[in-house]
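Asks: Starting from the known structure of chain Z, fit chains C and A onto it as the hints suggest.
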Amino acid sequence: MASQTPAVVMDNGTGFSKLGFAGNDSPSFVFPTAIATKGPGGGGGTGSGRPAVAQKPSYLTGGAGPAGHLSAKRGTEDLDYFIGDEAIAQASGPGYGIDYPIRHGQVENWDHMERFWQSSIFKYLRVEPEDHYFLLTEPPLNPPESRENTAEIMFESFNCAGLYIAVQAVLALAASWTSSKVTDRSLTGTVIDSGDGVTHVIPVAEGYVIGSSIKSIPIAGRDITYFVQSLLRDRGEPDSSLKTAEQIKEQFCYVCPDVVKEFTRFDREPERFQKYVVEKLGGKQATVDVGYEQFLAPEIFFNPEIYSSDFLTPLPTVVDQVIQSSPIDVRRGLYKNIVLSGGSTLYKDFGRRLQRDIRHLVENRIHASEVRSGGVKSGGLEVQVITHKRQRHGPWYGGSLLGQTPEFRSYCHTKAEYDEIGPSIVRRFALLGGPGT
Amino acid sequence: MSLLLEYHNLLLKTLLTERLNSSTPTGIDQIISDFDNVTYHVSTPEKKTQILISISIKCFQDLLQHGAQGVLEREYGPYITETEAGYDFSLLIDLEALPEDPAEREDLVRRVSLLRRNTLAAPFEKAINTHHQLAEAAKSASPESAPQQNESEVMVIRYRDEEAMYIQASHDRVTVIFSTVFREETDRIFGKVFLSEFVDARRRAIQNAPQVLYRNDPPLEIRGLVDEQQQQGQGEIGYVTFVLFPRHLTAQRREENISHIQTFRDYFHYHIKAAKAYMHSRMRRRVADFLKVLNRAKPEVEEGEKKERKTATGRSFRVQA
Amino acid sequence: MPAYHSAFLRESDVRVIGNFSLPNLRTRTRGPAYTLPQLPPNVSELDVDPDSEYYDILDETLVLFRANTLFRNFEIKGPADRVLIYGILWISECLGKVKPTMSRRDAEKALNSAALDHFALPGDPGFPLNALYQAPRDRTEADLLRQYISQMRQELALRLTNRLYADESGKPSKWWLSFQKRRFMGKSL
Numbered sequence: 001m002a003s004q005t006p007a008v009v010m011d012n013g014t015g016f017s018k019l020g021f022a023g024n025d026s027p028s029f030v031f032p033t034a035i036a037t038k039g040p041g042g043g044g045g046t047g048s049g050r051p052a053v054a055q056k057p058s059y060l061t062g063g064a065g066p067a068g069h070l071s072a073k074r075g076t077e078d079l080d081y082f083i084g085d086e087a088i089a090q091a092s093g094p095g096y097g098i099d100y101p102i103r104h105g106q107v108e109n110w111d112h113m114e115r116f117w118q119s120s121i122f123k124y125l126r127v128e129p130e131d132h133y134f135l136l137t138e139p140p141l142n143p144p145e146s147r148e149n150t151a152e153i154m155f156e157s158f159n160c161a162g163l164y165i166a167v168q169a170v171l172a173l174a175a176s177w178t179s180s181k182v183t184d185r186s187l188t189g190t191v192i193d194s195g196d197g198v199t200h201v202i203p204v205a206e207g208y209v210i211g212s213s214i215k216s217i218p219i220a221g222r223d224i225t226y227f228v229q230s231l232l233r234d235r236g237e238p239d240s241s242l243k244t245a246e247q248i249k250e251q252f253c254y255v256c257p258d259v260v261k262e263f264t265r266f267d268r269e270p271e272r273f274q275k276y277v278v279e280k281l282g283g284k285q286a287t288v289d290v291g292y293e294q295f296l297a298p299e300i301f302f303n304p305e306i307y308s309s310d311f312l313t314p315l316p317t318v319v320d321q322v323i324q325s326s327p328i329d330v331r332r333g334l335y336k337n338i339v340l341s342g343g344s345t346l347y348k349d350f351g352r353r354l355q356r357d358i359r360h361l362v363e364n365r366i367h368a369s370e371v372r373s374g375g376v377k378s379g380g381l382e383v384q385v386i387t388h389k390r391q392r393h394g395p396w397y398g399g400s401l402l403g404q405t406p407e408f409r410s411y412c413h414t415k416a417e418y419d420e421i422g423p424s425i426v427r428r429f430a431l432l433g434g435p436g437t
Numbered sequence: 001m002s003l004l005l006e007y008h009n010l011l012l013k014t015l016l017t018e019r020l021n022s023s024t025p026t027g028i029d030q031i032i033s034d035f036d037n038v039t040y041h042v043s044t045p046e047k048k049t050q051i052l053i054s055i056s057i058k059c060f061q062d063l064l065q066h067g068a069q070g071v072l073e074r075e076y077g078p079y080i081t082e083t084e085a086g087y088d089f090s091l092l093i094d095l096e097a098l099p100e101d102p103a104e105r106e107d108l109v110r111r112v113s114l115l116r117r118n119t120l121a122a123p124f125e126k127a128i129n130t131h132h133q134l135a136e137a138a139k140s141a142s143p144e145s146a147p148q149q150n151e152s153e154v155m156v157i158r159y160r161d162e163e164a165m166y167i168q169a170s171h172d173r174v175t176v177i178f179s180t181v182f183r184e185e186t187d188r189i190f191g192k193v194f195l196s197e198f199v200d201a202r203r204r205a206i207q208n209a210p211q212v213l214y215r216n217d218p219p220l221e222i223r224g225l226v227d228e229q230q231q232q233g234q235g236e237i238g239y240v241t242f243v244l245f246p247r248h249l250t251a252q253r254r255e256e257n258i259s260h261i262q263t264f265r266d267y268f269h270y271h272i273k274a275a276k277a278y279m280h281s282r283m284r285r286r287v288a289d290f291l292k293v294l295n296r297a298k299p300e301v302e303e304g305e306k307k308e309r310k311t312a313t314g315r316s317f318r319v320q321a
Numbered sequence: 001m002p003a004y005h006s007a008f009l010r011e012s013d014v015r016v017i018g019n020f021s022l023p024n025l026r027t028r029t030r031g032p033a034y035t036l037p038q039l040p041p042n043v044s045e046l047d048v049d050p051d052s053e054y055y056d057i058l059d060e061t062l063v064l065f066r067a068n069t070l071f072r073n074f075e076i077k078g079p080a081d082r083v084l085i086y087g088i089l090w091i092s093e094c095l096g097k098v099k100p101t102m103s104r105r106d107a108e109k110a111l112n113s114a115a116l117d118h119f120a121l122p123g124d125p126g127f128p129l130n131a132l133y134q135a136p137r138d139r140t141e142a143d144l145l146r147q148y149i150s151q152m153r154q155e156l157a158l159r160l161t162n163r164l165y166a167d168e169s170g171k172p173s174k175w176w177l178s179f180q181k182r183r184f185m186g187k188s189l
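Residue numbers (the UniProt record's numbering), protein chains in the order written: chain Z, 1 to 437; chain C, 1 to 321; chain A, 1 to 189.
Extracted from the complex, chain Z is given alone in its bound form (with noise of 0.2 Å):
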């Protein structure tokens, strides 16, 4: 390991940036896509979409010398930025603005995303770029335009050694052969990516996403959050914050196979009703329940009615609407292989119970069409929900795990590609992991 650089995998997503290097279990970092610039917020201030740069780039401290002379003459403004939790830090105190450069999954600042970049590789990798390859993830669908400039940052701002860029649904697969229950490496599967803003359904035929099945639901974590919440508030609990909120969905939650059937439970057994102690400024405390939501909530997912009143079709349906409208040769792979991935996957029997509905579905469809082909009988079709230790980062842990073996290197574009023959290069990319190899 010592005589090659390990590869850098970097995860930029909507919420949060996964960063670490290639052949670690876990990213080495993980905080906010977000960047705090001088000024006021909202892409550098100009309202226009510009971004706000100094006069004259600068190569030596301001600080030095007579202060205002030098730095008013060359500025070194460009330099002045925080990302991650200590944008976040810097944005609550004045001087400083939070802008977030990526807008559902896609980079929309560029200028900011370049800066992010190299404070990600500097200060917080601290790697040199030209010593080490890089593999960065892309939404599903991403423009290659997206890619081009991506491409064009690493080769020519950062001089990158090797760049590979892999859609996030084809790593969370990837990340799955961890799972006991995955015989065979393939990149065929449906991935449902659940974050905090929004949730994925990407069916993926050998390697390729199946773009025109894609089907997004507006429930996520955060309305999670929001659900607890608002049962907190109909309680009258001591504490209803969002904070309070997020913690307890994430010590208590899960998901139960019965609504009705765990109210009864929790009838029964009073001792299912936990506890929850805030600690508030000035040392105080208080004290929450926590009943019901702790079942409830993860139940949007399951029954987008208790919460929504716009988006009602229930995470499995959606699941079996996706691959019903995925090419009727994959259907069968995409059944047996769904894999979850996103933080908001991760509740007690997630998997468990969206097995057992999709299963539903598709034995009263097989049913139906059974009686309707006059006593046919079919030979049945397999569901299987894939659960995972790495399902929290799973794109970034996929992009590890390819990242780490030997022929990573082959299938990335060199920067001498790259000088070569130009952006357009990474519009390509042979499959990794993919059959044959």
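Possibly wrong hints are sitting among the right ones.
Stated by the list, open to error - Below, computed lysine to aspartate or glutamate pairings styled on EDC-like, alpha-carbon distance capped at 16 Å: (1) Z:K243 with Z:E279; (2) Z:K123 with C:E106; (3) C:K126 with C:E73; (4) C:K13 with C:E73; (5) C:K126 with C:E151; (6) Z:K123 with C:D266; (7) A:K174 with Z:D234; (8) Z:K261 with A:D47; (9) C:K48 with C:D94; (10) A:K174 with Z:D289; (11) A:K181 with Z:D234; (12) C:K58 with Z:D131; (13) Z:K348 with Z:E262; (14) Z:K243 with Z:D196.
Hints listed in this document are in silico derivations from the structure and should not be mistaken for laboratory results. Treat the numbers as computed from the prediction; the structure is a model and nothing was measured.
Replies: Structure of chains C and A alone, referenced to chain Z:
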């Protein structure tokens, strides 16, 4: 402000701070990279409470020749352990035998996170010490008869495949020369501007900055030492010379200065990249401006197709087909 | 999995007025319902086995209340579902009348008088679900329906108080009261 790079490894620091202050030990197996081909391996091979930290550093053999062992023993004494296979140097921290005092623990974390810095510091320390000896010798010698030997041999630290540091001590200065390679045309240009700023700095305002020289051929001090092999790579080689004067080498200053000077290359490259990022921002901005102008120049909808016309008074009416 | 339906949909030979069925009840309150045997002393009212002879639609209503009241949509599958809906809305109404500080005795009084108050029948202008319920055909049917619903209201109120005060604290359960603001199908009586 991210002008300077930190000397310690942030990840190592975060990881250890968390481990040392948590009551539940967990297994670790992490590879961490640092600048200039430095790789750390943090693991818990035997017990969850025993953290093994190994470093692999390219120029370790060079460093050993110049007293690295001594410096490491001074800094990490009791924590040194048998070196892990494939690495150059290992430390073992036993979570069950930590210092009681939180301040001491913090200091331990700080020292471990400076592992790379301390390893690389050895030749610099040696040079500074030599400088002091030579200075003493020069002082005691009579001013007329210059001492026989007032320069030490040049220490060569080949810290990257194609680049090296050369350190030489003398009675009135310590000279540090970096050879740098640029594979990129753009980088070379940025690098030149950057370095000329360094050279100029003394002339402008910062009188007590070290003297900096930049040239494309090997400076006198190291001529003959330059590794033929190291010059094989493509790209243009340049030499940056720092002359550290006695005022930089006083006891109070030396630690800080050693840290500064060893991060020079990373700092240099970081800023070249930052400058490029900045230029890109400006280019994008310019493109946005041009696009605006172009969009203004777009012809309105063709006259003939236009259904709506205006009268002289500004009222509009529809043209019947 | 949408909202839950009544298991009593399956029972045939139940009297129906309009499209509202009158299933048997286990009650001591006087009224037109056929009465089921009272629970033996070793069976808790809170936990009646759905397959036993004692189980009635009011037990079911109380069990389904907390789940169903979270839903806004409900597809009525038969006359028994209308009984369920009415029961759930009546529980909501009752919860609205119980204050967190009330003692058991006060709550019983408040609910009992509410149960005996005048209430609207399907077909009356004040009835909230007239789109879904048919009015009784004549005066006799209306009287019978009023008596049956009144019997249901009283019995449900009684059993609800038993649930609210199931623990020995003497205060109504906050877990039940937290459903006060929910509106099943967006309606209230």
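Asks: Can you confirm whether the C-alpha distance between C:K126 and C:E73 stays at or below 16 Å?
Replies: Given that 16 Å is the threshold and the Cα spacing comes to 15 Å, the pair holds.
Asks: Measure nothing beyond the straight line between the CA atoms of Z:K348 and Z:E262; if it is 16 Å or shorter, mark the hint as holding.
Replies: OK: Z:K348 and Z:E262 at ~14 Å, within 16 Å.
Asks: CA of C:K126 to CA of C:E151, is that 16 Å or under?
Replies: Roughly 13 Å between the alpha carbons, so the hint for C:K126 and C:E151 holds.
Asks: CA of C:K48 to CA of C:D94, is that 16 Å or under?
Replies: 9 Å, holds
Asks: Below or equal to 16 Å on CA atoms is what counts here, so check C:K13 against C:E73.
Replies: The given pair, whose Cα atoms are some 20 Å apart, is violated under the 16 Å limit.
Asks: Is the Cα-Cα distance between A:K181 and Z:D234 16 Å or less?
Replies: Answer holds: A:K181 to Z:D234 is near 7 Å, not above 16 Å.
Asks: For A:K174 and Z:D289, compute the direct alpha-carbon distance and say whether it is at most 16 Å.
Replies: 10 Å, holds
Asks: Hinted pair, alpha-carbon criterion (16 Å max): Z:K243, Z:E279. Please report holds or violated.
Replies: Satisfied, since the Cα-Cα distance of roughly 11 Å is no more than 16 Å.
Asks: Assess, step by step, whether the Cα of Z:K123 is no farther than 16 Å from the Cα of C:D266, and give holds or violated.
Replies: Holds. Z:K123 to C:D266 sits at ~11 Å (cutoff 16 Å).
Asks: Please verify whether A:K174 and Z:D234 have alpha carbons no more than 16 Å apart.
Replies: 10 Å, holds
Asks: Would you check the hint for Z:K243 and Z:D196, treating anything up to 16 Å between C-alpha atoms as holding?
Replies: 14 Å, holds
Asks: If you draw a straight line from the CA of Z:K123 to the CA of C:E106, is it 16 Å or shorter?
Replies: 21 Å, violated
Hints 2, 4, counting from the list given before, are not met by this structure.
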